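Peer 1: Using the hints, position chain P against chain W.
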Amino acid sequence: MLRQLFRDEAQVALEELTARAGSASAGAADGVLEMMRVTHTLKGAAGTVGLSEVVDLTHRLEGALAIVRNGQRPWTPAFADAVVEIADGLRAHVDAWAEPAVAVELAKRVRELIAPWEGAPRTWRAGRDDADATRVGDTQGIPTEESDTGTSSVAVDVSGAHDARTLLRVEPERIDELMAAAGELLFDRNRIERRVQLLRTLTRELGRARQALRDAVGGELAAHHPLASIEGQVATLSTQLAQTSAALLDETEAMRRTLGDLQRGLTRVRMQTARALFAQLARALRAAARAAGVKVELRTRGEDTEFDKAVAEKITDPLIQLLRNAVAHGIEPATERVLGGKAAVGAIAIAARAEGNLVVIEVADDGRGVDAGRLRTRLVEAGRWSAARAALASDDEVVAALFDPGVSSKDEADELAGRGVGLDLVREAIARLGGEIRMASAPGRGTTFTLRLPVSTAVTHAMLFKVHGQVYALPNAQVIDTLVVEADAATHPVGGESVAVLDLGQLLATPGHHPEASGRRPAVVVAYADKRVVCTVDKIVGPREIVVKQLGPLLSPLPLYAGATISGSGKVQLILDPAALIRTAYPGHTLADPAATAPIRTTLAGRALVVDDSRAIREALMSMLAREGWIVDTAEDGARAWALAAEVHYDLVVTDLEMPRMGGLELIGRLRGERRTAQIPIVVVSSRVNPEHRRRARELGVRGIVAKPITRRKLLEVLAADGRGGA
Amino acid sequence: MAADLRNVIVFAIGGERLAAELRWVREVISLGFVTAVPTAPPGISGAFNLRGHLVPVLDVGALARGAAGPQPRQGDAALLVEVDGVTAALRVDKVEEVATLAADGPGAVVDGRGQRVPLVDPGVVVRRAIAHANAVRGDASRAEGLELDSGSPRDPTTGARTLAPLDGDLTLG
Numbered sequence: 051m052l053r054q055l056f057r058d059e060a061q062v063a064l065e066e067l068t069a070r071a072g073s074a075s076a077g078a079a080d081g082v083l084e085m086m087r088v089t090h091t092l093k094g095a096a097g098t099v100g101l102s103e104v105v106d107l108t109h110r111l112e113g114a115l116a117i118v119r120n121g122q123r124p125w126t127p128a129f130a131d132a133v134v135e136i137a138d139g140l141r142a143h144v145d146a147w148a149e150p151a152v153a154v155e156l157a158k159r160v161r162e163l164i165a166p167w168e169g170a171p172r173t174w175r176a177g178r179d180d181a182d183a184t185r186v187g188d189t190q191g192i193p194t195e196e197s198d199t200g201t202s203s204v205a206v207d208v209s210g211a212h213d214a215r216t217l218l219r220v221e222p223e224r225i226d227e228l229m230a231a232a233g234e235l236l237f238d239r240n241r242i243e244r245r246v247q248l249l250r251t252l253t254r255e256l257g258r259a260r261q262a263l264r265d266a267v268g269g270e271l272a273a274h275h276p277l278a279s280i281e282g283q284v285a286t287l288s289t290q291l292a293q294t295s296a297a298l299l300d301e302t303e304a305m306r307r308t309l310g311d312l313q314r315g316l317t318r319v320r321m322q323t324a325r326a327l328f329a330q331l332a333r334a335l336r337a338a339a340r341a342a343g344v345k346v347e348l349r350t351r352g353e354d355t356e357f358d359k360a361v362a363e364k365i366t367d368p369l370i371q372l373l374r375n376a377v378a379h380g381i382e383p384a385t386e387r388v389l390g391g392k393a394a395v396g397a398i399a400i401a402a403r404a405e406g407n408l409v410v411i412e413v414a415d416d417g418r419g420v421d422a423g424r425l426r427t428r429l430v431e432a433g434r435w436s437a438a439r440a441a442l443a444s445d446d447e448v449v450a451a452l453f454d455p456g457v458s459s460k461d462e463a464d465e466l467a468g469r470g471v472g473l474d475l476v477r478e479a480i481a482r483l484g485g486e487i488r489m490a491s492a493p494g495r496g497t498t499f500t501l502r503l504p505v506s507t508a509v510t511h512a513m514l515f516k517v518h519g520q521v522y523a524l525p526n527a528q529v530i531d532t533l534v535v536e537a538d539a540a541t542h543p544v545g546g547e548s549v550a551v552l553d554l555g556q557l558l559a560t561p562g563h564h565p566e567a568s569g570r571r572p573a574v575v576v577a578y579a580d581k582r583v584v585c586t587v588d589k590i591v592g593p594r595e596i597v598v599k600q601l602g603p604l605l606s607p608l609p610l611y612a613g614a615t616i617s618g619s620g621k622v623q624l625i626l627d628p629a630a631l632i633r634t635a636y637p638g639h640t641l642a643d644p645a646a647t648a649p650i651r652t653t654l655a656g657r658a659l660v661v662d663d664s665r666a667i668r669e670a671l672m673s674m675l676a677r678e679g680w681i682v683d684t685a686e687d688g689a690r691a692w693a694l695a696a697e698v699h700y701d702l703v704v705t706d707l708e709m710p711r712m713g714g715l716e717l718i719g720r721l722r723g724e725r726r727t728a729q730i731p732i733v734v735v736s737s738r739v740n741p742e743h744r745r746r747a748r749e750l751g752v753r754g755i756v757a758k759p760i761t762r763r764k765l766l767e768v769l770a771a772d773g774r775g776g777a
Numbered sequence: 024m025a026a027d028l029r030n031v032i033v034f035a036i037g038g039e040r041l042a043a044e045l046r047w048v049r050e051v052i053s054l055g056f057v058t059a060v061p062t063a064p065p066g067i068s069g070a071f072n073l074r075g076h077l078v079p080v081l082d083v084g085a086l087a088r089g090a091a092g093p094q095p096r097q098g099d100a101a102l103l104v105e106v107d108g109v110t111a112a113l114r115v116d117k118v119e120e121v122a123t124l125a126a127d128g129p130g131a132v133v134d135g136r137g138q139r140v141p142l143v144d145p146g147v148v149v150r151r152a153i154a155h156a157n158a159v160r161g162d163a164s165r166a167e168g169l170e171l172d173s174g175s176p177r178d179p180t181t182g183a184r185t186l187a188p189l190d191g192d193l194t195l196g
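Going line by line, the protein sequences match chains W and P. With the working numbering applied, the first sequence corresponds to residues 51 to 777, in that order. With the working numbering applied, the second sequence corresponds to residues 24 to 196, in that order.
Note that these hints are calculated values from the structure, not bench results. Incorrect hints may have been included.
Here are some chain W residues pointing at chain P (derived, C-beta under 7 Å) [as the list claims (entries may be wrong)]:
no., residue
1, 436
2, 442
3, 608
4, 609
5, 620
Partner residues are not named here, just some residues of chain P that face chain W (Cβ under 8 Å, in silico) [what the hints assert, rightly or not]:
no., residue
6, 32
7, 62
8, 77
9, 109
10, 120
All values derive from a computational prediction rather than experimental measurement. Glycine included, every Cβ here is placed at the ideal spot set by N, Cα and C.
Next comes chain W alone, as it looks inside the complex:
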């Protein structure tokens, strides 16, 4: 247990050491002092846990740092590099605690790394000869002045580094479990909401039954009649039931808010800075440079840029591939660089920055670049491109051909083709995250890759299934169950209710595929608005997280699809629209279509938001709308309504004007100003409707105004009216 804690702490400390050693201010007295502090703290912790090896190694490193701190030896890139390698070695040693033999070997190696920097400075150059000759950034033969220029261009900002010891380190799987549980809760909440709506319907039915009872017995009941007391009991119970279900509704609303907070909070927990990613890339780069025998210096910028941990994990390998390619095929040998008028040491810069909802990562090298002219010839010669295509393509498009699969095969992997190694996979990985990658290159001047990625992936939970060999998706929020149904069944019982069966094999018939109905078939149960449908499929693939993509003007008019996603293997998969499936299964039933320009009719069902600071009025509106088939959410002021509208799609908003925190007019203005909500029909209910209010509401495109007291008839008239009518 203690060991585990120590490993976590050592991890943080060594990462900080790595970051500081590479930083611009490392050479400053403060920088070295900080590194000594981190090292010292680590030594203390190692002592507490009883790791004498680590105590010894950190003690030695502290000594080496002290020599620089005392001015006995200058701060050089070579020393910075040594510190980074020592930190790496220590990390490996700590990680290898379970295998003592390996740990001893690693400790020996770290000791060797530190040795040249211990003791008198006169040995500092001579002592380097036994070290790895192809060490990255090795200063052999490079004048100190140039090295200094090199370091000064490094722009790592560690000033904002958190005090590592105040951070809580958590296993990522634990966060994932929490996220999954929160997702489950969302699922549960939807089910509870449906039950509550049902409860309210039953309450109303009970009220009607009571009325019928009264009528049947005949007007006034004599006080002593046995039915009188029963009728009285029913009346009391019915009132209590109504109150309870109303309270239940309020509670589910509170639950929705809390769930929203929970999900947002968890998303924030998943955010991390680029720091750890950069440290990992630096290690990979050193290994690649060592293997290729190239001298290269890494410059990083924007370490505090934040993005989703899942995104960071998935771009690590692609970024390492880009660095490997740069080292293996981009950076020229030192002699060639000097002849070309470049610094002998190559430079690779990695920069991260936030741009709205995107994270932009740039990987740039100052190597030989890609000669588009030669590549063009090559593509035609290799038979990959027709001469016509090559003639038509711009230089950028030719360079982009390096992203195509197999443009650089092994037998032609010279420096030109080599740049394309694995780039198809890199692009695929980025695309899967909903991002894109571009490449710009100038011959002799270098190559820059620009990655644009969503800060957190636009991930939706979806149920995936196969029909005629193609995979389709349905949003999990509308999938309530999966089951198996008999072939040719027209209906199937779901929760005691008989639900229509829709054969997706028939609906999604493609040329060359014929629907086959044999035996029992798997099905997904879709719920939307107040309807359900059982959709038979060929095979259930299972729930997945998918990145949703827009369909564009050519495909979005097709009513059946809500979007698309791209599979792990790069295939387009269509996302079905639950509303369209319900419409297909119940042709007579009209659902709210937010995009429809047709006037709302009272038969519409969809999701409505009622905003009023009076609970009584909220309740009244809710029951009126629920009777018309709407699923109703409520909010007690504009601010809450605005927050709800950001998360939930509404087909109708009914709002009061005067409310605390945010009034109705401001809410309407905001809804109209947001593209996603601009078209929602809005009805105003207000006790004080003056001409000025009326004018403002009209200007904001309000469908109608209902003066309080509200009656069902007034509300329905406004709902039935078109945009110009109302009030």
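Peer 2: For chain P alone, kept in the frame of chain W given last:
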């Protein structure tokens, strides 16, 4: 008489040689795996993933030549065109050449061997595909409301742009 010259790309579909003006064509590509889109109208053959973007594949034969072509398959050649900000891939059998050729009337060019090559207008092909897709929805007003071409005339009374006529504006070889 100075010849009216056109920058065109010459390609073949179903044994017929056709040309398209280069200004519409962004790239010549080979198709990735094409996903079929059930319920799509004839002319929209599917969609594929181009560098992380979803791109519909159109059948020029069905949309402009009156005869549907084969289902597009991975590896087929295609012209990536952009019309009014809408990107689509036009599947072709083969791309022959990029050339500057003399126009032969408004709807054709004459190639180096003196043969007449009919011109296909990708703008019309894409707009027609969008109109067909909107027809599936059965909402004609939507199709008319789409700002497909800033050059299309506005209705003087409503101010709405009218969709370019779907027939008669295509050149037949």
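Peer 1: Next, verify each hint and record whether it holds.
Peer 2: Results of checking the hints against the structure:
Checking residue 436 of chain W against chain P: minimum C-beta separation of about 5 Å stays under 7 Å; hint holds. With 7 Å as the threshold, the beta carbon of residue 442 of chain W comes within range of chain P, its nearest partner Cβ sitting at about 5 Å, so the hint holds. Residue-level restraint check for residue 608 of chain W holds (minimum Cβ-Cβ distance to chain P is 6 Å; threshold 7 Å). Using the Cβ-Cβ criterion of 7 Å, the hint placing residue 609 of chain W at the interface with chain P is satisfied: the shortest such distance is roughly 6 Å.
Given hint, residue 620 of chain W at the interface with chain P, holds; its Cβ is 5 Å from that chain's nearest Cβ, closer than 7 Å. Annotation: residue 32 of chain P was flagged as interfacial toward chain W, and the flag holds, the nearest CB pair being 6 Å apart, inside 8 Å. Taking 8 Å as the C-beta contact cut-off toward chain W, the hint placing residue 62 of chain P at the interface holds, the least distance being around 5 Å. The closest approach between the C-beta of residue 77 of chain P and any C-beta of chain W is roughly 5 Å, which is under the 8 Å cut-off, so the hint is satisfied.
Annotation: interface hint on residue 109 of chain P holds; nearest CB of chain W at approximately 5 Å, less than 8 Å. This hint holds: residue 120 of chain P has a C-beta 5 Å from the nearest C-beta of chain W, less than the 8 Å allowed.
Violated hints for the displayed structure: none, as all numbered hints are satisfied.
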